[in-house]
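Colleague: Okay, here's what each chain looks like letter by letter:
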Amino acid sequence: MNEVVNLMLLDPGANIMVRNGATAEVISNPKDGVWVVVKYLSSPGDPTLEGTEDMVFAQDVVRVLETQ
Amino acid sequence: MATEIKGRFVDGLVNSKAGQVSREIFVNDEIYAQEQEQVFTRSWLYIGHESQVSKPGDYFVSCMGEESVILCRDRDSKLHVFLNSCMHRGMKVCRYDEGNTPVFTCPYHGWSYAADGKLVGVPFFKDSYHELLDKSKWGLVEVAQLATYRGSIWATWEPTAPPFIEYLGDFKMFYDLSLEAWNGTDEPLEVLGGVQKWIIPCNWKFPAENFSGDSYHNISHRSVDMVGIGPSGTGRRDMAERTYSRRLQVAFPERGHQSGVYVLPGNAPTAPSYQQSPAVAEYFREAEEKRRDSKGEWGRVTGSPGLIFPNAALHPRQPRSIAVLHPRGAHQTEMWRWYFVDAGAPYEVKNFLRQYYIRYSGPSGLTEQDDMENWNYAHAASRGAIARRHPYSYEQGLGFEQTNYEYEGLKFPGQVMDLGDARSSEQNLRNFYKRWAEFMEAPSWDELASWR
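One line per chain: the protein sequences are A and B, in this order. The opening residue of the first sequence carries number 1 in the numbering used here; numbering runs sequentially from there. The opening residue of the second sequence carries number 1 in the numbering used here; numbering runs sequentially from there.
The shape of chain B in the complex, shown without the other chains (with noise of 0.2 Å):
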């Protein structure tokens, strides 16, 4: 298969070189096929928050691509991730959401399996089996890999992949944006609020490039700035930070991983914020204070949309949030979206960001419906026949990257894009694409690997 397919994704329909993607990727059931297996069986996915399932019994149930996975801690408070199917006949063997629970019985013929994934009850094992069923080889299929990192929980199917900080590679500081506390320091954060689920009649990858730092698209957000749904009652979000920043984007092309990010000038003082609320204004208004002085000149750094190749979707300020983009079928996401808090934050700070955070993201946030009207009518306009004859463009700034780029003593690792008079560009979607193509050829981690 690696054979057939070289040269048809990289440099062929993801041409790095020209800024070109082909409509086919998009569109394409038989290579939508394909990437669930080149690329959701090989990377790192996003599962969820320790805060889900801090005791032992608790269990959320997760996706990992197409496929449903249970996430659950055992009686030992290790924590496991396994595919949600019956190893007799398939049928998952939990339904709910979330929840509490000694053991996962299918509801098809009874077997039951232990929260550590072992089969623990046959039907009839004596009378009907003879106790000749080897239980030890039928439990539940176990990821090959877990790993936990500041509360957030990642799975790969994938042996061979490398361990979860080396797929971060230097894009961890920039991860770490939307896992810190408001104030820098490694106090929990807890998920406000459920999960928020829904379907968007668009392929994953239409979100996966917006939030992997789209800087171009602001225009479709006009008419929500102009309702002011933001916590200071103006634009969307609070933007006085912004105005005074020098606004980046970084982009790491060995990884696939890329982020925008702010950089406040040394001497900037803290910006007003939240200022619908008087004590959430002062609750932000202190932790920025002691953010700046825990991270020293780092401190300076603030978060932005930014994307974990390949659907783990960072929004790390307002709202403070990770989207998964799950794939269903070529032209079909189920996007699901956690938003988080300081865990020690008062009960008066939540409510608001709640509240703030729901009418900005998710089904219900004039934000995101802008968004998915794009994704939704882009993607409906490129399946013609005619239509997937014509690439996308994303030409914009190509050439124009820098590496070992410096701001003001701060130096950033990755390839950059300076957007203080470029204003735009295009980068983090090509490098998004570029990995993509990538993943899609790729035999093995051998070659995807490429830094070792």
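Only chain A is shown next, with the shape it has when bound in the complex (with noise of 0.2 Å):
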């Protein structure tokens, strides 16, 4: 079982797999517990959001990726 990401605690810049596989990294966050607005890194299943905004729910974000 994954562990539950507090989103709480992501800031920008901070990177997150998310549910399908893409990564993408966190823009903004409304600090509701529920969304953070991000970026696609990649999309392996959908290449086409790769570069798009998005917002991703919390239920839908797999792990925080360690950044570079």
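Everything labelled a hint here was simulated from the structure, so no lab data went into it. Hints are supplied without guarantee of correctness; some may be wrong.
Stated by the list, open to error - Below, simulated SDA-like cross-link-like pairs (lysine to any residue); rule was C-alpha separation at most 20 Å, straight line:
{"id": "1", "chain 1": "B", "residue 1": "LYS92", "chain 2": "A", "residue 2": "PHE57"}
{"id": "2", "chain 1": "B", "residue 1": "LYS126", "chain 2": "A", "residue 2": "ASN20"}
{"id": "3", "chain 1": "B", "residue 1": "LYS92", "chain 2": "A", "residue 2": "PRO30"}
{"id": "4", "chain 1": "B", "residue 1": "LYS135", "chain 2": "A", "residue 2": "PHE57"}
{"id": "5", "chain 1": "A", "residue 1": "LYS39", "chain 2": "B", "residue 2": "PRO123"}
{"id": "6", "chain 1": "B", "residue 1": "LYS126", "chain 2": "A", "residue 2": "THR48"}
{"id": "7", "chain 1": "A", "residue 1": "LYS39", "chain 2": "B", "residue 2": "PHE125"}
{"id": "8", "chain 1": "A", "residue 1": "LYS31", "chain 2": "B", "residue 2": "VAL120"}
{"id": "9", "chain 1": "A", "residue 1": "LYS31", "chain 2": "B", "residue 2": "TYR108"}
{"id": "10", "chain 1": "B", "residue 1": "LYS290", "chain 2": "B", "residue 2": "GLY266"}
{"id": "11", "chain 1": "B", "residue 1": "LYS17", "chain 2": "B", "residue 2": "HIS390"}
{"id": "12", "chain 1": "A", "residue 1": "LYS31", "chain 2": "B", "residue 2": "ASN100"}
{"id": "13", "chain 1": "B", "residue 1": "LYS118", "chain 2": "A", "residue 2": "VAL37"}
{"id": "14", "chain 1": "B", "residue 1": "LYS92", "chain 2": "B", "residue 2": "ASP74"}
{"id": "15", "chain 1": "A", "residue 1": "LYS31", "chain 2": "B", "residue 2": "PRO56"}
{"id": "16", "chain 1": "A", "residue 1": "LYS39", "chain 2": "B", "residue 2": "PRO102"}
{"id": "17", "chain 1": "B", "residue 1": "LYS135", "chain 2": "A", "residue 2": "ILE27"}
{"id": "18", "chain 1": "B", "residue 1": "LYS126", "chain 2": "A", "residue 2": "GLN59"}
{"id": "19", "chain 1": "A", "residue 1": "LYS31", "chain 2": "B", "residue 2": "ASP116"}
{"id": "20", "chain 1": "B", "residue 1": "LYS290", "chain 2": "B", "residue 2": "GLU241"}
{"id": "21", "chain 1": "A", "residue 1": "LYS31", "chain 2": "B", "residue 2": "LYS92"}
{"id": "22", "chain 1": "A", "residue 1": "LYS31", "chain 2": "B", "residue 2": "GLY57"}
{"id": "23", "chain 1": "B", "residue 1": "LYS290", "chain 2": "B", "residue 2": "PRO363"}
{"id": "24", "chain 1": "B", "residue 1": "LYS126", "chain 2": "A", "residue 2": "VAL37"}
{"id": "25", "chain 1": "B", "residue 1": "LYS126", "chain 2": "A", "residue 2": "ALA58"}
{"id": "26", "chain 1": "B", "residue 1": "LYS55", "chain 2": "B", "residue 2": "ARG150"}
{"id": "27", "chain 1": "B", "residue 1": "LYS92", "chain 2": "B", "residue 2": "VAL120"}
{"id": "28", "chain 1": "A", "residue 1": "LYS39", "chain 2": "B", "residue 2": "VAL120"}
{"id": "29", "chain 1": "B", "residue 1": "LYS126", "chain 2": "A", "residue 2": "GLY21"}
{"id": "30", "chain 1": "B", "residue 1": "LYS126", "chain 2": "A", "residue 2": "ASP46"}
{"id": "31", "chain 1": "B", "residue 1": "LYS126", "chain 2": "A", "residue 2": "SER42"}
{"id": "32", "chain 1": "B", "residue 1": "LYS126", "chain 2": "A", "residue 2": "PRO44"}
{"id": "33", "chain 1": "A", "residue 1": "LYS31", "chain 2": "B", "residue 2": "PRO123"}
{"id": "34", "chain 1": "B", "residue 1": "LYS126", "chain 2": "A", "residue 2": "MET17"}
{"id": "35", "chain 1": "B", "residue 1": "LYS137", "chain 2": "B", "residue 2": "VAL120"}
{"id": "36", "chain 1": "B", "residue 1": "LYS126", "chain 2": "B", "residue 2": "TRP138"}
Reconstruct the complex from the two isolated chains, following the hints.
Modeller: Written out as structure tokens, the structure is:
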């Protein structure tokens, strides 16, 4: 089972993996614990998402990635 | 519904000709439910002040009648007022009093709304809704009309209500006495401290009639006057200018707004006030003189309690405050009180006023406590089967109202009671209930806007 990610701790610049295997950078966080706004870095399942912005729901955040 | 209730309120439970009002309109739960629809969904209601939402993303949670609403400023600085209820399952999308946020997120299932009300986040939008949900149709419910006037923010759910300035009519000049800077100019005001909120066990119309300009209940405040909470150390407020002013009640029968006013004689000097602090006294002396200069002859008119129908109570002078009387069932009122101060006033002035205002008004205010005690026990003693059979008397001064009233060259609009010799009148209270009864019966604004 995945570890529950606390969205309140995600600052802009953090990288995350989302449910469909895509990776994304947090660009803003409304700090509601429910959503983060991201820009997709990679999206193997749907390459058209790369570079686009989206709101990601908490239950779709799989884990936090180490930022280079 | 309109035909069923015709005659029940106008010249019925509210008998304006006789000057009597039935206790039923205060204690009857069915009438209370009707007035939520007839009065509160169709009137203009006070929401807040622009200084509370000065930046994009700022929000303040207010009320319209029983219903929670969000006043917010979107990314483009446009003001909005939304019903504070998620469109998916009704949960409040904002449970804080005020703050700044880019989105309002429902904690129940996670629907999320931008500050312009648009639905921007729906969990599982692709997987569960298959992107078929039309998000553009599920934004937050927005008021039909929103208006700002000299920093104050008003809204109505009713699209056919007249624009706010028309709703005010000639009462605007008396509302201005609550909104202008102390020197009579458009220099900005700000809310002093937070908004005080508290519950009173009485129907909302008790404070509404009181602040319409009840000129008869001074006896209730005698103990406060004896204590001397006023800013010069005597009485509950500075009374010097009032002792040589003409006292009037001004009411607008077609609108339901009314206020007390004082009119200084043309050659009257500026009365000393705020004598407990030389710096504050000097601030107000200068402001008063500028006010008399900038407003000309009308600078002689000073404010006294009034009411914008239905539930915005004005207290323009000492303290400078607006209170909203939110209905919370037939037997409870939640009172919210905003205090105002010149934004540019020195700290010493603001701090002095803060201390004076909270010892006068609000839950800690001695004067307000006097009033609440009356409303509380009047309501409780009017609920019984025997009590309900007996109307209240509002006959004081009935038939002595004047129109085209003039005092020392100042021609007043509306219907005026000169309290110079009469000392007291219940004109303003009758005016409030007359308008309330009209709202309870009128099927639409076609009938309510009788001046058109």
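Colleague: Evaluate each hint against the coordinates.
Modeller: Hint check:
no.	hint	result
1	B:LYS92 x A:PHE57	holds, 19 Å
2	B:LYS126 x A:ASN20	holds, 12 Å
3	B:LYS92 x A:PRO30	holds, 17 Å
4	B:LYS135 x A:PHE57	holds, 16 Å
5	A:LYS39 x B:PRO123	holds, 18 Å
6	B:LYS126 x A:THR48	holds, 15 Å
7	A:LYS39 x B:PHE125	holds, 18 Å
8	A:LYS31 x B:VAL120	holds, 15 Å
9	A:LYS31 x B:TYR108	holds, 16 Å
10	B:LYS290 x B:GLY266	holds, 15 Å
11	B:LYS17 x B:HIS390	holds, 17 Å
12	A:LYS31 x B:ASN100	holds, 11 Å
13	B:LYS118 x A:VAL37	holds, 16 Å
14	B:LYS92 x B:ASP74	holds, 19 Å
15	A:LYS31 x B:PRO56	holds, 17 Å
16	A:LYS39 x B:PRO102	holds, 17 Å
17	B:LYS135 x A:ILE27	violated, 23 Å
18	B:LYS126 x A:GLN59	holds, 14 Å
19	A:LYS31 x B:ASP116	holds, 18 Å
20	B:LYS290 x B:GLU241	holds, 16 Å
21	A:LYS31 x B:LYS92	holds, 17 Å
22	A:LYS31 x B:GLY57	holds, 13 Å
23	B:LYS290 x B:PRO363	violated, 34 Å
24	B:LYS126 x A:VAL37	holds, 17 Å
25	B:LYS126 x A:ALA58	holds, 15 Å
26	B:LYS55 x B:ARG150	holds, 17 Å
27	B:LYS92 x B:VAL120	holds, 17 Å
28	A:LYS39 x B:VAL120	holds, 16 Å
29	B:LYS126 x A:GLY21	holds, 15 Å
30	B:LYS126 x A:ASP46	holds, 13 Å
31	B:LYS126 x A:SER42	holds, 18 Å
32	B:LYS126 x A:PRO44	holds, 17 Å
33	A:LYS31 x B:PRO123	holds, 16 Å
34	B:LYS126 x A:MET17	holds, 18 Å
35	B:LYS137 x B:VAL120	holds, 11 Å
36	B:LYS126 x B:TRP138	holds, 17 Å
Violated hints, listed in ascending order, are 17, 23; each of the other numbered hints is respected by the structure.
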